[in-house]
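> Whole structure, please, built from the sequences with the hints as guidance.
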Amino acid sequence: MLFLRFLEEEKLLDNQAKYAIEMRNVTKTFGSVVANHNVNLDLREGEILALLGENGSGKTTLMNMLSGIYFPDSGEIHVHGKEVSIRAPKDAFDLGIGMIHQHFKLVDVLTAAENIVLGLPGGVRINRKALSEKIREISSRYGFDIDPDKKVYNMSVSEKQTVEIIKVLYRGADILILDEPTAVLTPQETDKLFRILKAMKKDGKAIIIITHKMNEVLSVSDRVTILRKGEYIATVNTAEADKQSLTDMMVGHSVSLSIDRPVVEKKECRLSVRNLTCLSEDNVPAIRDVSFDAMGGEILGIAGIAGSGQKELCETLAGLYPAQPGSSIVFHRPEGGDEELVGHTAAELQKNGINISLAFVPEDRLGMGLVASLDMVDNLMLRTYRDHSGPFVDRKAAADVATRLVKELEIVIPGIHTPIRRLSGGNVQKVLLGREIEGNPHILVVAYPVRGLDINSSYTVYNLLNEQKKKGVSVIFIGEDLDVLMEISDHVMVLCGGEVSGIVDPRTTTKEEIGMMMVHVDNDRKENQA
Amino acid sequence: MDIVFNLLTAAVLAGTPLLLGTLGEILTEKSGNLNLGVEGMMFMGAIAGIAGSWFTEQWFSGGGFAAAFVGLITSFLAGCLGALIYAFLTITLRANQNVTGLTLTIFGTGFGNFFGELLGKKAGNFVAVTTETKNAFAGAMNFGPLSKIPVIGQLLFQYNWLVYLSIILAIAMAWFLNKTRTGLNLRAVGESPATADAAGINVTKYKYAATIIGGGICGIAGMYISMVTCSGVWVHNCVNGYGWLAVALVIFSTWSPSRALLCGLIFGGLKILRLYVSIPGVATQIYDMLPYIATILVLIITSIRQSKELAQPKSCGLNYFREDR
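Chain order of the listed sequences is A and X. Quick note, the first sequence lines up with residues 18 to 547 if you use this note's numbering. Quick note, the second sequence lines up with residues -5 to 319 if you use this note's numbering.
One or more hints might be untrue.
[Unchecked claim] Listing some non-contacts, in silico: residues in chain A with all C-beta distances to chain X over 12 angstroms:
#1 Arg158
#2 Ile163
#3 Lys219
#4 Tyr338
#5 Asp498
[Unchecked claim] The calculated label-pair distances, taken between Cβ atoms and stated as ranges, are:
#6 X:Ile295 to A:Ser157: 42 to 48 angstroms
#7 X:Ile295 to A:Asp166: 26 to 32 angstroms
#8 A:Ala364 to X:Ile295: 28 to 34 angstroms
#9 X:Leu284 to A:Asn292: 50 to 56 angstroms
#10 A:Ser262 to X:Asn196: 41 to 47 angstroms
#11 A:Val174 to X:Ile143: 55 to 61 angstroms
#12 A:Ser91 to X:Phe108: 49 to 55 angstroms
#13 X:Arg88 to A:Val141: 28 to 34 angstroms
#14 A:Pro431 to X:Glu111: 55 to 61 angstroms
#15 A:Asn292 to X:Arg88: 47 to 53 angstroms
#16 A:Ala147 to X:Ile143: 40 to 46 angstroms
#17 A:His120 to X:Ile295: 31 to 37 angstroms
#18 X:Ile162 to A:Gly139: 24 to 30 angstroms
[What the hints assert, rightly or not] Pulled a few chain X residues facing chain A out of the computed Cβ check, cut under 10 angstroms:
#19 Thr174
#20 Thr176
#21 Arg181
#22 Ala182
#23 Glu185
#24 Ser186
#25 Thr189
#26 Ala190
#27 Gly194
#28 Ile195
#29 Asn196
#30 Lys302
#31 Glu303
#32 Ala305
#33 Lys308
Read the hints as simulated data drawn from the structure, not as lab findings. All C-beta atoms in this analysis are idealised placements derived from N, C-alpha and C, irrespective of residue type, glycine included.
Encoded structure:
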């Protein structure tokens, strides 16, 4: 009897006191799209739970229901054993739930301290001295490094994230949700963040970290909850899981984790970039003295922290951004003859037939690449309509190309006359890549081609790039996932603060070495290579 | 020397409706609502002010300070009403802000002129308030010995009470936006409503409150035109572009109430320049063009200068919907 009672008490404790959050059969739909369907999730106090899933698997939607951004259609949420209804972000604060969003929710023109105190009750005036003091106290407890009076627009990404975390802690949150916190951090900053998370866990805080990076799941979490296509799959102890088993659960079927790197025998230099410098909008160098050669039949990966000059580099190559005097970009025609690209606009290059040779798949697909409200045919024609003479456009040819591309690239599209914005991210990317490849380029610049794509679409993109490479095209791949860059590229060029900190062979370099190169330029190393 | 003094004091008087309109629009834009209906709300305030005062006189026989006070209240409420229409359409129904603002201008202009004519008919050809009421508006405030100080007294202490009210309003608004918790929250709503929402700020409430109070201030600006500038007589199309100048002055003052003080003075001066300075051979029409030429120049200069701090609130002109994806 006594034993039974003991068991019952244990069970009661287990149910009530130990769980910070329990979500039961939570469903959320947006129109006809089911973002979450009967999802269950438990978060214990004093643990780090990883929420794992592909893009579009409903991780963020699920967490937004905890932070009060969305309200579930059905299902129950319990916080510390009590059933709650979270209707607005304020309700979430009152329950001690704080979410650090992937896209930081900070006001640029305010200081760190002002952002932290935003929306809090209190006297008419703000006691700035007491506020700064409390921020310093929180900072020293968990090991943050922050200046309360710094304006947010002067901050690095990592500093902004710190402000977000302190903001949540300042409000007394004991349940923290971090949405893809490492997406914009260097490996070193990631390590620092994980140390802080572990310190908070020791302090009794319950933490959920949303991610799709396997290594991080394994290194920081206690348990893993896996979602797939909005459905709850399983929760496992991290200690009993490995990369393969988690990937299998995440994607549903076993996918080969390795990306092909075919070897092309005949390589020719297609593009020689020398001392390329260009200024940012604020007249400081965005890229400085960048020199490299891009070979036909190779994929040149470009790695770097977000904002290290990748955008300016590819836009300069595409003729959209002015280069400073002294820079040189020489295009070597396959049939012989060199062409200097610096000093010509995109339109001039088009006239000389150069930008047919150089294709650019921008990062902002629907902003720079395609027109969202036009259909696939019209979007394809953006490249070619000028070739047709006469006052009318020739839709017929473009429609034929569209039909062929839909079949070849397995684009899921209601019809070739559907506005592009109605397609999913992966299919938008296929349309864009398809259009660029259709022009038979000699150089293909792709910026973050798999961002926002699920694993299957990503592999389709990798295969497309490899096919181009085998055809002798020089592919320049600007990426964010180091694992992918190191598997697909023949060379990796690392950018740091707009400078080249090295061009390495990924087969003989470790990820840590590249990570180090992303954060500082080693001049000795550069000289050795030169 | 006298010309300079006269010009300055006249500039203050002419700049006050501009200052009020600018302050109202600054408050509105700080909440992320770009209300282009300032002109319309000023018209509504102008007719409501004159109607409020006139009816008070008729019903309680006799004008004076009470009639002026009622005029102030009715013009404020009329401005609020105009802004409420705008707020409901853009905040609750999420209509396009530019189109709604322009429509409000057309509506307000018609509203003002229609009721102005109607009131004129009712009053027998034209509507005018009594001299007492007129003096209650336009008469200089008595600061006792202060007004008698040479130069300073003439420059600072001889205006009507609405001038001082708008200066106090500018200072109070600067203090509110920069020093208070509510002001900070309001700025956050205008800069990034998603951030404010996530921080637990009621975005809808802040947007409604700022837009409506801002509209009310624009309404008072309109009343200043009908009661002080036009001396309590309804003049057809009396607002005539002041509202648009105020919208431009918001940009010139870089969304700062304290800088709006100076901007109002400069543009007030430009408005009345032809009465005080005459260069032979320059047509009066050229003088009338000055405020608008200056506006174009100001807009060009401010768009060249890039600053993160002295810029329009980032989400100004955009409607906010929490579950937007």
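> Any hints from earlier that this structure breaks? Give me their numbers in increasing order, please.
Structure breaks no hint.
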